[in-house]
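Spelled out from the first residue to the last, the chains are:
2 protein chains.
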Amino acid sequence: MDKKGILLVISGFSGAGKGTVVNRLMEKYDEYALSISMTSRSPRPGEQDGVNYFFVSREKFEKTIAENGFLEYAEYCGNYYGTPKEFVNKQLEAGKNVILEIEIQGATNIKKVFPESLLIFITPPSAEELEKRLKGRGTETDEVIAKRLRRAYEESDGMDTYDYIIVNDDLETCVEDVHSTTMVARNQPLRLHGFIENMKTQLEMFK
Amino acid sequence: MDKKGILLVISGFSGAGKGTVVNRLMEKYDEYALSISMTSRSPRPGEQDGVNYFFVSREKFEKTIAENGFLEYAEYCGNYYGTPKEFVNKQLEAGKNVILEIEIQGATNIKKVFPESLLIFITPPSAEELEKRLKGRGTETDEVIAKRLRRAYEESDGMDTYDYIIVNDDLETCVEDVHSTTMVARNQPLRLHGFIENMKTQLEMFK
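Chains as they are written, first to last, in the working numbering: chain A, 47 to 253; chain B, 47 to 253.
Don't read these hints as lab results, they were simulated from the structure.
Any given hint could turn out to be false.
Pairs count within a copy or across copies, as identical chains cannot be separated in the list.
Unchecked claim - Straight-line Cα separation of at most 27 Å, BS3-like style, residue types lysine-lysine; simulated pairs:
#  : residue 1 : residue 2
1  : Lys109    : Lys181
2  : Lys178    : Lys253
3  : Lys49     : Lys106
4  : Lys136    : Lys181
5  : Lys181    : Lys157
6  : Lys246    : Lys193
7  : Lys178    : Lys193
8  : Lys74     : Lys109
9  : Lys253    : Lys50
10 : Lys181    : Lys131
11 : Lys106    : Lys157
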């Protein structure tokens, strides 16, 4: 079977706990790597180049766009943010499953340019639980919480464009579900071109 | 999540060992049931109605066709063979994953009328290994083996219409792969209509 890693695109409602799931997954298994974004904004105190982001000039970013070097990119508040293809490809070639935590619009774009990507949507078991978690954080104003829930309503429309929807009720179960989904995905024909072609070529001698 | 079982359509090259995989899967896990075919042919000595087949008259079979009661059916040598919908649906409702061992043409037909079915193709790791297994049985003439290998060549063209291709190198590994593929498939959006609709309805209150 092919040894190449899988590009794992993870989205989910704000409050679904996807950050925690990703961290735990990285802790438990060696075969995952986080995608590092490139940005044209300046590093904030404590941020490291090649760890938090690849920090580059506006010119370098635009040159990379022109060279078709991004899986996806966007501009927010005058700064560019994007996913560099080269970094992702190197990790995939090395057999790592590369995790990209991204919102729904970005995920759809990735699937278009990279059909072998695996799109996973993390959700709490119910809307009630989502509300409870957002309120339970105790760090956000009612207004922010209301905005996130409204956003969740909008995003729920796109849930079924994902390959898998995984419920985060119990963290460890969710992490195992994401892991087995990734393992199983290696056996989908779109990720087995090499194996299928080999088998066909070998069987031709019996034609 | 939905408690309904999954219709598991299993195909593979003759000699891939799919019969053994299915038997071992049934032995290890309670949640699988074999689909029982209906036929208009007479029972052979030792065959039991409701175990090996549902044995019915030609008239009854044709009535079932007219009532759209089959997932698929075909006529071989003057006898009908088919997969009755009612039996499959009852098992699925009871939460069983129903296994249907069927060749590639039948599998494609099932997927058309039953898009939530999960199509798994079992293959040996290489054509060489397939040849070795067919010869190793020691029960078939060279002519029959050549015919099976030619058939495998023809069938290899359809491998990528399956949802998953699972290599049967080591039996236990293969059985576990089929099982986790089935478990993971429960999280695909096409099998989560109920959950997705519920979530959307619940989130509407935050709109």
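Status of each hint after checking the structure:
no. : hint            : in the structure
1   : Lys109 - Lys181 : neither (43 Å within a copy, 60 Å between copies)
2   : Lys178 - Lys253 : between (62 Å within a copy, 17 Å between copies)
3   : Lys49 - Lys106  : neither (32 Å within a copy, 52 Å between copies)
4   : Lys136 - Lys181 : neither (40 Å within a copy, 43 Å between copies)
5   : Lys181 - Lys157 : neither (33 Å within a copy, 44 Å between copies)
6   : Lys246 - Lys193 : between (53 Å within a copy, 16 Å between copies)
7   : Lys178 - Lys193 : within (14 Å within a copy, 63 Å between copies)
8   : Lys74 - Lys109  : neither (37 Å within a copy, 57 Å between copies)
9   : Lys253 - Lys50  : neither (31 Å within a copy, 42 Å between copies)
10  : Lys181 - Lys131 : neither (37 Å within a copy, 47 Å between copies)
11  : Lys106 - Lys157 : within (25 Å within a copy, 49 Å between copies)
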